[in-house]
Every structure is written in C-alpha cells, then in structure tokens.
Amino acid sequence: MKAQSVLIVAMIFISMVILSIIPLTIYIYGVYFRSGAVKERVAEVQESMISESMGVSALFNVDNLVLTLINRAKQSISIDEILVNVICKERSNQIRVQMRAEVYPGQILPISLANTAISSCDSIDSINVYVVTSAGSVIKSGVISERDILTYYEGGNTTLALTTKSRTILPIDVSSNDTLHNITALFRQKGFEIYTFDRPDRPTRLLPYPGFNRGMQGGNTTHRYIWVLHRSFTNVSISIVNQTINNLWLGFNPLDPSGYNLMITCNRITLSSPSLTISNYTRIKIYGFRPSTSQGILRLNNTWITTPSQDVADYTFNYTNLTLSGIASRLEVYIRVPSTAESGYDPYVIMMNTHRVQGKADILYSTIDRTYGGISQINDGDAVLLDYSTSAFVLLYTAFPISNEEYSSLMIAVNYAFHDNEGNDERGTTQDLPIFLVGLVDENNNIFYYRAFTYRELARYEDTLPPTAQAQSTIIFIPLPPPESKRGTYYVFIGFQDPYRVDYSSNLIRDDVDFTLYLRSLELIPVK
Amino acid sequence: MPLKSEAVLLSTMILVSLGIIVSLLTISYISALIMYYRDQVEVVNLIQDEASRTIVNLIMYDNSTNTIWLLIRRLDGMPTTYYLIVATDRGYLNCSHIRFYNPAGDIDGIMCNNPAECVMSTLAYHGSMNNVYVVMEGGVDNLLTYARVRGYPTASIIQGCRVPSVCELKGIRGICNESTITRIEIPSGVQRAWIFIATMYNNRLYILKTYEVSLG
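Line order of the protein sequences matches chains S and W.
Anchor point for the first sequence: position 116 equals 116 in the numbering used here, and the numbering is continuous, going up by one each time.
Anchor point for the second sequence: position 189 equals 189 in the numbering used here, and the numbering is continuous, going up by one each time.
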C-alpha cells in the first residue's frame with residue numbers, strides 16, 4: 001500500500017515535469033528554426049554605394065542655357081528632380097530643378113536653366129547633372145563642354161581629341177542691316193577678302209581680284225556675250241502671269257525666312273508689274289519675295305510651290321509657265337548682250353537658304369541659263385548662253401588666322417550640292433578642271449594646300465536629267481608644318497569658277513558645261 | 001501508524017509542491033527565453049523591413065567644398081525621421097557636420113547657399129558604440145563589435161544625428177514621395193567615409209545600412 005502510494009506520487013511528479021517541459025521544448029525548437037530563417041535573410045547590412053549611369057547623356061548649350069537630357073537606355077526613366085552641379089568661377093553651386101517627367105527610351109528632354117541662378121554666371125567651369133528618379137536612384141551624367149575636351153586633351157591623354165569647337169565660315173551670318181545683292185560688298189563685311197587664282201587648273205597663289213565687274217564671260221570664241229543689269233527695283237510689287245521660264249532656283253530669304261529669294265532664267269519675259277517686257281534671254285533675281293497668293297509661293301504650270309525644295313535643282317529645266325504675285329525688297333533684271341567685256345559674279349550668284357533659318361546665307365552659283373545637252377549639242381541650247389570664268393571668285397577668310405604654333409592640323413568640312421547640264425557628264429569635257437577649291441594660304445598668299453573639287457568628281461554624284469543636285473560633303477584634313485621648321489600663319493579660302501569654255505575639236509561640242517553649285521556649309525575644325 | 005501516514009502525506013505534499021515549483025521555474029525560464037528570442041526576431045524583422053524601405057544614394061562628392069551630398073528616401077512614402085552616424089578614417093563626425101536641405105528656405109534654386117536652406121541636424125544619441133545596435137549574422141550585436149569585425153573606425157564616443165525627412169518639414173502627413181537631401185561636410189584629408197543610417201526602436205539606435213564612400 002505504502003509502496004503503491006509512493007509510486008503514484010512519483011508518477012504524478014514526473015508527469016507534471018514532463019508535461020510542462022515537452023511543449024515548451026517543441027516551442028523553443030520552432031523559435032530556433034524561425035530565427036535561423038531570418039538569419040539567412042538579414043545577414044548583411046553593408047551595401048556599396050554605386051549610382052547608376054543608365055545611359056543618360058546631357059548636353060548644355062551655353063548660349064540659351066538649355067540642358068538637354070537624352071535617354072539612351074532601353075528603359076524609360078521616371079524623373080523626380082534634377083540636381084545640377086555648376087562650378088562657376090571655381091565656386092560650386094548646386095541647382096535643384098523640381099520636375100516630374102517620364103523620359104522614354106531615345107527621348108530628348110530639354111530643360112531650360114535660364115531662370116535659375118546659372119544665368120548670372122558668365123564663365124561656367126564645369127557642369128554635372130544628377131537625375132533623381134522616382135525609384136530613388138541617382139543617375140549621373142557629366143555634361144560635355146568645349147572646356148572639358150580642352151582640359152582632357154591638355155591632361156596629356158593619348159586619345160585623339162579635338163580641342164576647339166568648329167568655326168563656321170559658311171553659311172555667313174547676315175542680319176537685317178545687310179544687303180545680299182552685292183556679293184562682293186557682303187563678303188567683305190563678313191571677314192572675307194576677295195582674290196582670284198593665278199591659274200584656274202593648278203593654282204599656286206592668290207592674286208588680287210581684277211575688279212568687281214570682271215570675272216565672267218560668255219558666248220563662244222568668236223561671239224562674246226555677257227549678262228548686264230538692265231533694270232533694278234527696290235520695294236517693288238511683282239506680278240508675273242503665265243510666263244514660260246527655263247529655270248528657277250528658289251530658297252528662303254536669310255534676312256527674313258518668311259520671304260524667299262529666287263533666280264529665274266528665261267528666253268523672254270513680260271512682267272505685268274513692274275511693267276517690263278524683255279524679248280531676249282533674261283535672268284531675274286528677286287530678293288525678299290513675299291507672295292500675296294494664298295495658295296503658295298508661286299505656281300509652275302498648274303502646281304503651286306508651297307515651300308522651297310531641299311534639292312536646289314528641283315526647278316531646273318522646267319520650261320513651264322510661271323505665275324507669281326507679291327512684293328519684293330529687290331528685283332534685278334539682267335539681259336544678255338554681245339560684249340567682249342566681262343561681267344562680275346553678281347548675275348550668277350544668289351544668297352539663299354534651302355532651310356527656314358534666320359540669318360544664315362548660303363551661296364548658290366549657277367551658269368545654267370536654258371537647257372541641257374550632250375556632246376553633239378551646245379548644252380545651254382545656244383552658244384550665246386555659254387558662260388565661263390576668266391577669274392575664279394576666291395573668298396579668303398581672314399577673320400580666323402591659323403598659326404602652326406597654336407594648331408597642329410586643321411580639318412575643313414564642306415557641304416555642297418552640284419548639278420550640271422552636260423548629259424554626257426565626263427565625256428562632255430576634254431579635261432577635268434576644278435569647279436571649286438578649298439585650301440590654305442600663308443601670309444604671302446602662296447597656296448599651302450588645296451583640295452580641288454573637279455567637274456568629273458562632282459558630276460559622278462549628280463543627275464543632269466531628271467535634275468538632281470545630290471547633297472555631298474567632304475572633310476579635308478590638312479596637317480600644318482611643325483613650328484620648329486617654319487612658323488607660319490595660314491588662312492582658309494574657298495574659290496569657285498566655271499572653268500569650261502567651249503571646245504569644238506573632234507567634231508564634238510565639249511567643255512560647254514554650265515552648272516549649279518550650292519555651297520551649303522564650310523566649317524573649320526582646328527586641332528591642337 | 002497515524003504518524004506514519006502523516007509522514008507519507010507530508011512527503012507527498014512536499015514532492016508535489018517541489019514539482020509545481022520546478023515546473024513554474026522551468027516555465028518562467030523558458031518564457032523569458034522565448035520572449036528574448038521573440039524580441040530579437042521582432043527587431044531583426046523590423047530592421048529588415050526598415051532597411052528594405054529606406055534608400056540612400058550618393059548624389060555627389062564635391063571635392064571643391066569637401067561635401068558629400070546624399071539622397072535619402074523611403075519607398076513607402078512615410079514621413080519618418082532618419083538617423084545618421086558618419087565615420088571617417090579620421091574619426092567619427094559630430095552632428096554639426098551633417099546638414100539637411102530645407103526647400104522651404106530656398107528662394108533662388110541654389111541649394112545651401114544661405115544658412116536657412118541647410119539646417120544642422122540635431123543630436124539624437126551621444127555615447128558609446130556599445131549602445132548602438134546592428135543586425136549581424138542573424139542576431140543583434142552592438143556597433144563596436146560590428147565595426148571591429150568589419151574593420152570600420154571605432155571611437156569611445158559617437159553621435160547619432162537626427163535628420164527629419166523633407167516630408168516632415170513640409171508637414172505632409174500622407175504618402176510623400178520626396179527625397180531628403182543631406183549634405184555632409186567632410187574634414188580635409190579624409191580618404192574614406194562610412195555612413196550608417198539607423199532607425200530608432202525602443203529608444204535604441206539600430207543600424208539599417210552602411211555605405212562606404214571613397215573620397216580619394
């Protein structure tokens with residue numbers, strides 16, 4: 001009995017202890033495992049601070065204080081704010097631009113900083129852009145500027161770097177005070193001096209231009225003709241109704257691109273206003289034409305032209321009826337007269353732009369008067385209309401001297417378009433002569449280097465009919481001599497001419513090429 | 001006999017009470033253990049949660065003024081206060097080096113060009129590294145141990161600095177997606193800095209994330 005009761009008490013004691021410990025042990029076991037799972041998830045709190053670059057580029061235009069962000073990434077970026085670090089006169093400023101925008105891949109976002117404190121800085125040393133996205137990441141973008149490139153280069157980096165921005169020589173900058181019709185006066189005002197070559201095919205030096213009423217001649221070897229200014233009008237009302245013309249070159253007026261500059265050639269013409277009838281070959285130049293017709297600028301046959309074509313040859317060999325009406329700041333009427341004298345380049349050149357750009361004037365030079373031909377015809381249809389240069393028209397840009405102590409070499413980028421009236425192209429010429437030349441002269445006007453754009457090269461890329469003046473471009477690289485050998489200062493020139501007089505040998509009519517040359521741009525990139 | 005049965009009863013009562021006492025002691029010991037584990041798990045979970053919601057990013061290091069510009073932001077849009085501890089290879093920085101940008105004081109769009117725009121952070125903790133905690137290897141340890149393990153600088157006294165979020169400054173109570181910009185002035189000659197971002201829990205600072213910035 002006694003033993004039984006002790007056993008019962010012992011069992012009660014043991015079961016109490018066991019019953020209290022087992023569930024708790026199981027619970028602890030569970031807790032241990034759970035904390036183990038957390039351990040795996042939070043093992044590390046250190047993170048490296050890497051900000052993304054994510055393919056955002058920025059360009060800053062110091063002229064209008066517009067920062068342009070370009071998203072080159074493959075995903076869109078949701079912008080929360082933009083912080084711009086500007087170092088101005090060695091002082092660091094952080095500018096905050098609050099904006100929320102979504103920039104899709106490939107999209108460009110212009111941000112004007114004109115109203116920020118950056119506008120009071122006249123000398124910005126460097127700019128960095130930090131784009132804060134809505135996800136909280138910071139995208140960095142350095143802003144490439146001219147100074148950065150310069151510093152980079154001066155740092156002795158072996159990577160080839162251009163050291164300065166390009167200098168635009170053409171198109172020339174014009175303002176409303178300029179007159180475009182007198183090209184020699186215009187170019188002289190714009191930092192050019194006018195010269196000619198000592199010889200048209202392989203020039204060695206520049207010679208003073210013989211006189212501004214000289215340089216061009218026309219006709220054949222026995223009968224010579226030139227273009228003479230017959231009448232000119234200023235601020236005139238013009239009306240031409242259904243007059244057959246041969247060619248038209250049309251562009252925007254660089255002084256005010258709401259108007260147009262145009263050059264017309266025709267066999268005869270009657271102007272309703274100002275009242276004028278010419279019964280012979282005529283060249284008409286109209287500056288600052290503002291049409292009064294609502295349908296377009298002018299009408300060729302039944303088609304209204306509403307905007308100038310980018311292809312300057314688009315209205316060549318038209319032989320259609322021209323109708324136009326409006327007012328113009330200047331009208332010039334040239335007629336073809338027999339003369340052994342020479343004319344200047346004015347009848348052949350018109351300053352215009354095929355783009356609607358204010359204040360940028362390109363040069364269009366055309367000796368085409370009537371039509372096209374092959375080796376068995378006179379290209380212009382009449383020997384009276386053949387034109388050629390007696391002196392090339394050379395523009396020497398003296399406003400930018402290039403010293404070989406400062407620069408090691410020079411790149412010249414030239415953009416142009418060409419169209420001619422020789423259907424047989426190179427077979428229509430007896431020799432390959434330069435149409436225009438770009439190069440450098442030294443202080444004594446001796447040509448240091450030139451690149452000639454010859455007829456056969458240019459004709460390769462144009463189509464006489466249907467008229468197509470292919471836009472072309474070339475970069476000319478000119479290494480300068482080291483200053484140790486000879487210190488020198490060089491100047492850039494561009495010269496153009498029509499070198500072809502007619503040639504009747506071999507029972508063919510060759511070298512009767514007339515052409516249109518449109519000089520769209522000439523940029524100078526000096527390299528340190 | 002009666003004496004004998006009384007003795008049995010007495011010994012039974014003693015044994016039973018001993019059993020109850022042992023059980024209670026075991027229960028309370030194990031409860032305390034569980035509470036401790038639970039607390040740890042809660043802290044770890046909270047820190048993990050806070051860390052995943054807090055983003056810190058270096059905007060720039062401006063070496064002309066020796067300043068680090070940081071962006072701090074919460075993904076959940078809560079207007080909470082951030083706590084920063086900044087170590088450098090030349091010692092820990094005190095709160096006068098840490099300023100935050102207050103857009104309300106900015107009239108010209110240039111950040112921190114006058115004192116009202118960049119307010120000094122306030123002191124939230126001043127004391128030993130032992131009393132600042134960090135989640136390390138799954139458990140909670142103090143900053144001193146963590147810094148030693150990691151090779152970060154140590155100091156006898158450090159300061160934890162309070163940086164209110166820009167949402168707090170603007171009085172936005174709802175979800176606020178704006179970034180707080182902080183400017184840290186670094187003494188000259190510093191090659192490397194470590195930025196600890198912390199949260200306050202039970203009046204203790206817990207490190208959420210550590211960022212290393214090389215300034216050389």
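Heads up, a few of these hints could be off.
Okay, the calculated beta carbon distance ranges per label pair [what the hints assert, rightly or not]:
#	chain 1	residue 1	chain 2	residue 2	range
1	W	177	S	477	33 to 41 Å
2	W	171	S	22	52 to 60 Å
3	S	474	W	177	47 to 55 Å
4	W	188	S	89	17 to 25 Å
Calculated directly from the structure, the hints in this document are not laboratory data.
Here a beta-carbon is modelled for each residue, glycine too, at the ideal position from N, C-alpha and C.
If any of the earlier hints don't hold here, list their numbers in rising order. 1
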